[in-house]
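**Student:** Under the numbering used here, residues 11 to 403 are what the sequence shown spells out, in order.
No lab work stands behind these hints, which were simulated from the structure alone. For glycine and all other residues, C-beta sits at the position ideal for the given N, C-alpha and C. Take the hints with a grain of salt, since some may be wrong.
[Unchecked claim] Using 25 Å as the maximum straight-line C-alpha spacing, the simulated DMTMM-like pairs for lysine to aspartate or glutamate come out as follows:
#1 Lys290 to Glu198
#2 Lys336 to Glu287
#3 Lys119 to Asp147
#4 Lys123 to Glu246
#5 Lys290 to Glu302
#6 Lys178 to Glu229
#7 Lys178 to Glu198
[Unchecked claim] Listed next, with one range per pair, are the computed distances between beta-carbon atoms:
#8 Thr341 to Arg253: 50 to 56 Å
#9 Gly216 to Gly321: 40 to 46 Å
#10 Pro252 to Ser296: 40 to 46 Å
#11 Pro177 to Val344: 18 to 24 Å
#12 Gly337 to Asp188: 30 to 36 Å
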Amino acid sequence: MERKSFKENQCKKKGGKSVKMRKILSAPISILGSLIISTSSFAIDDLDKLENINSQKLDEALNEILQESDIWKEIEELVSSGLDIQINWKIPTRREVIYYAKKFGIENKKHLKEILIRGKRYIPLIKDVFAKYNIPDELVFLPIIESSFDVRAVSPSGAVGLWQFMPKTAKHYGLRIDRWIDERYDIEKSTIAAARYIRDLHSSFGNWYFVLSGYNIGEYAVKRKVGDRYKYDFWELKSRIPRGARNYTLKFLGTLEILKNNFLPREKFKEDDVDFEIIKVRKQVSLKEISEITGISLLELKRLNPHLKRGVTPPYNGIFNIYVPKGYKHTVEVALNMKDLDIKLSLINIEYTEDLNDIEKEFNTSLEKLETEINLEVNNSEISSIEKNKRVF
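When you get a sec, could you build the whole thing from the sequences and use the hints?
**Tutor:** As structure tokens, then:
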């Protein structure tokens, strides 16, 4: 929705007051009083005071709030043309939604700005993953509510990461959690897990509002309260949904209302906002080693890889992500390959009849791995051939 300046919104004055000002003054006191009262004194239960206000009046009040807020000029400076994100949901103008739109649009505008600054680097990746799972663009912004786009966020209940996974749900969707790694902190892998979880919730509910409540407290927790009536209108059943999950859903819808009318689709995120690259590794690699051979700050590598508990990928089989600063992916890959080449060159110089047990000890590897990785043919414990162009580790 295109916004106009305060001056542009002024109409011709009549009797000392503009038409716009008369519209505000004619709005019911219960609307404007509720919308300008401080958050500390306005609990969610106070929304009942707006019960009889029609949606047109609420919409008018919301528009007045949004046009008077100066946060959007600040936010516009953070983004420019690039990644196209669409918000197509028709968000109902209800008193509960207005309440949360007001909180984010005015009272918490600085906090919203900080969240969006953090989120810029992750949103392109999230959008790409969600598109593959047919998840709507609206839910790209769910981390605003979940974690404030803080990858290291930990809730009092133990939910972790950008998507606030509890251990049981995380493991169910393929995330590893052990003494070496916690993939709830892995941006890409946790986003894939979140997409799969959201997809499954939608397959079960068929309604995105119930999906939101289900994501907050779990699918079966919602179904226990509403039974099979989740197939019907969310607004008719919302009183049956536990308070926390209900308010969670309303809070997200209020946030979408703010983003839809004052941020998107006029402004877009850029791929250039992403400040990291991902390297896939199958072997054990330490962040300290990467720092030493590339010059990347170890502190920066640890910041980018909170999922690696010990600063090293696990020793067991698997494909693991290592995040490096943008522009360093090729450098790190070359450095790791050079390390492999050094090992290969050492092997090539081994005496023709050297005992294989000594080779295993010297290079801290196994005969089976040597055979697999460099096409080593063994005959009577002697090396008969080495293919030079394959990696050892």
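**Student:** Honestly, which of those hints from before does the structure not fit?
**Tutor:** 4 and 11
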